[in-house]
Amino acid sequence: MEDPICEFRAVSKDYAVRHGFFASSTYRIKALDRVNLSVKEGKILGLVGESGCGKSTLARIALGLESPTSGQVLFSGDDIADFDKTRLQNFRRQAQMVFQDPFSSLNPKKTVLKILSEPLKIHRLYSKSHYKERVIRLLKEVGLDEQVLNRYPHEFSGGQRQRIGLARALATNPKMIVADEPTSALDVSIQAQIINLFLDLHERHRLSLLFISHDLPVIQFVSHRVAVMYKGQLMELMPKNAFLQSPNHQITKSPNFHHPYTSLLLSAVPVPDPKTGLKAKRRDHILTCGHEDHRYQNGCAFSPRCSLATDRCRTERPVWTEVARDHFIACHFIQNCA
Numbered sequence: 001m002e003d004p005i006c007e008f009r010a011v012s013k014d015y016a017v018r019h020g021f022f023a024s025s026t027y028r029i030k031a032l033d034r035v036n037l038s039v040k041e042g043k044i045l046g047l048v049g050e051s052g053c054g055k056s057t058l059a060r061i062a063l064g065l066e067s068p069t070s071g072q073v074l075f076s077g078d079d080i081a082d083f084d085k086t087r088l089q090n091f092r093r094q095a096q097m098v099f100q101d102p103f104s105s106l107n108p109k110k111t112v113l114k115i116l117s118e119p120l121k122i123h124r125l126y127s128k129s130h131y132k133e134r135v136i137r138l139l140k141e142v143g144l145d146e147q148v149l150n151r152y153p154h155e156f157s158g159g160q161r162q163r164i165g166l167a168r169a170l171a172t173n174p175k176m177i178v179a180d181e182p183t184s185a186l187d188v189s190i191q192a193q194i195i196n197l198f199l200d201l202h203e204r205h206r207l208s209l210l211f212i213s214h215d216l217p218v219i220q221f222v223s224h225r226v227a228v229m230y231k232g233q234l235m236e237l238m239p240k241n242a243f244l245q246s247p248n249h250q251i252t253k254s255p256n257f258h259h260p261y262t263s264l265l266l267s268a269v270p271v272p273d274p275k276t277g278l279k280a281k282r283r284d285h286i287l288t289c290g291h292e293d294h295r296y297q298n299g300c301a302f303s304p305r306c307s308l309a310t311d312r313c314r315t316e317r318p319v320w321t322e323v324a325r326d327h328f329i330a331c332h333f334i335q336n337c338a
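Residue numbers (the working numbering): 1 to 338.
Just so you know, the hints here were simulated from the structure itself, not pulled from any lab data.
What you are looking at is a predicted structure, and each value in this text was computed from that prediction instead of being measured.
Careful: at least some of the hints might be erroneous.
The calculated label-pair distances, taken between Cβ atoms and stated as ranges, are [stated by the list, open to error]:
| # | residue 1 | residue 2 | range |
| --- | --- | --- | --- |
| 1 | Arg206 | Lys110 | 27 to 35 Å |
| 2 | Glu66 | His214 | 18 to 26 Å |
| 3 | Ser189 | Tyr126 | 17 to 25 Å |
Using N, Cα and C, we set each Cβ at its ideal position, and we do this for glycine too.
I would like the entire structure built from these sequences, with the hints used as guidance.
As structure tokens, this is what we get:
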């Protein structure tokens, strides 16, 4: 069994939101609500969910860019909140990020050589005389030629800029990379190239990856395990081969049963067979789309939209139930059948 390189233990994150006349009053939103999750060493964890569900917040907390309101984030078994300046810099060398927008994440006033040399300088990994040699090797790893060294970000396509962003992440020889929607800003024709590049680098360097996306087929293709998030709560955690199986809506302890929210996501995936697509649309009527309160809730975050919800769902938080090997669902109906 692989050891976790990054582990979230009951991580919550609150934000204060002002409203009312002259923003005179506030209420708190739970961006993350007691998240327990781990990224295993040398493996890819896919995190999927709709926009605003807390995926990017979790990514920032994983890298220490934000602090959780409560809970712990462990890296190689150590709480990053306890790191002093030296250990924090070492942590930042070992954990890097690839951002969603490959243009805004690169300094427009710097050349590729300066952009990729910067992490080498900050972490003092090479002498200045070896910067160019290291940068050329990084460019070759991501499929770019050394002729681009003196060019600026605006001179590249979106796919090329994302390759530069990935090269920058690799510059410090990290153990883990957090990729936050790395293909969503790219043309469809380029997405497959970037995804294959991620997989190639993962195999070559034995990288651990937290791969965040709202594209379900992409998540299923790249990940070893898939976590489904909704409004800051984890709904389901499963192996990749269980993710895009046809969901079974009967409440049974079956390996292809999914959380109601996961089922809703899967039913939205385009199906090339018109007959199958029609069945998927009819299946959606099982779930309602009622009013949602985006403030703190004690129970299941999905209960306002779930036709299976009871008073218990609205007041009591469900816990993980293992429905198959390494397949966990947080749902009271599953617990009753377990």
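Hints broken by the structure, by number, lowest first? 3
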